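Work the whole structure out from these sequences, hints included.
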Amino acid sequence: MGQTQLLLVVLGAMLVGIAIYVGISMFSANTVEATRNAIIVDLGNFAARANAYYWKLTVQGGGGKSFAGITMSQVFPMNENVNARYFIESVEADQCTITGVGKVVTTNGDSIRVRVRVTTERNIVEILN
Numbered sequence: 087m088g089q090t091q092l093l094l095v096v097l098g099a100m101l102v103g104i105a106i107y108v109g110i111s112m113f114s115a116n117t118v119e120a121t122r123n124a125i126i127v128d129l130g131n132f133a134a135r136a137n138a139y140y141w142k143l144t145v146q147g148g149g150g151k152s153f154a155g156i157t158m159s160q161v162f163p164m165n166e167n168v169n170a171r172y173f174i175e176s177v178e179a180d181q182c183t184i185t186g187v188g189k190v191v192t193t194n195g196d197s198i199r200v201r202v203r204v205t206t207e208r209n210i211v212e213i214l215n
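Under my numbering, the residues of the sequence shown are numbered 87 to 215, in order.
Everything labelled a hint here was simulated from the structure, so no lab data went into it.
Everything numeric in this text was worked out from a predicted model, so none of it was measured.
Be careful, since some hints might not be right.
Derived Cβ-Cβ restraints for the label pairs, each shown as a range [unchecked claim]:
| no. | residue 1 | residue 2 | range |
| --- | --- | --- | --- |
| 1 | Lys142 | Asn116 | 38 to 46 Å |
| 2 | Asn215 | Ala99 | 35 to 43 Å |
| 3 | Asp180 | Ser114 | 38 to 46 Å |
| 4 | Val145 | Val108 | 53 to 61 Å |
| 5 | Ala138 | Thr193 | 14 to 22 Å |
| 6 | Glu119 | Ser176 | 26 to 34 Å |
| 7 | Gly147 | Thr193 | 42 to 50 Å |
Ideal placement from N, C-alpha and C gives every residue a C-beta, glycine not left out.
What follows is the structure in C-alpha cells.
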C-alpha cells in the first residue's frame with residue numbers, strides 16, 4: 087500500500103469515529119430531554135391529584151382545603167415508575183412540592199431533577215437539572 091492510500095484509510099477511520107461519537111452524543115441528549123419531558127408530564131398528573139386531595143373533604147380521605155397530611159401514596163400508589171422516583175419535598179397548608187429524580191443520567195453525571203410546586207391556583211414547574 088502506498089503512503090497516500092494509508093493516509094486515506096486513517097483519515098476515513100477518523101471520520102467514521104467522529105461520526106459515531108456525534109451520533110451517540112445526539113442520541114444521549116435526546117434521551118435526557120425525552121425523560122425530562124416525561125417527568126414533567128408525570129408531575130403534572132401528580133399535581134392534579136394533589137389538588138384533588140386538597141379540595142376533598144377530610145371525611146372522604148382528603149385534606150379539607152389543606153395540603154397538610156398529604157403523602158406520596160395518596161397521590162400515586164408507587165414512589166417510582168419507568169421515568170423517575172418521586173417524593174413529596176415539602177408540605178404546607180396552602181402548597182406542597184413534589185420532586186422527581188430521573189433514572190437517566192445526564193452527560194455530566196447528574197440525575198435529572200424536576201420539581202413542581204402545587205397551589206390551589208397554579209402549578210409551578212422548576213427544572214433543577
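Hints, verified against the model:
1. Lys142 to Asn116: 38 to 46 Å: holds, 39 Å
2. Asn215 to Ala99: 35 to 43 Å: Holds: the Cβ-Cβ distance is about 36 Å, inside 35 to 43 Å.
3. Asp180 to Ser114: 38 to 46 Å: With a Cβ separation near 40 Å, Asp180 and Ser114 satisfy 38 to 46 Å, so the hint holds.
4. Val145 to Val108: 53 to 61 Å: holds, 60 Å
5. Ala138 to Thr193: 14 to 22 Å: violated, 37 Å
6. Glu119 to Ser176: 26 to 34 Å: holds, 27 Å
7. Gly147 to Thr193: 42 to 50 Å: holds, 43 Å
Violated hints amount to a single one, hint 5; each of the other numbered hints is respected by the structure.
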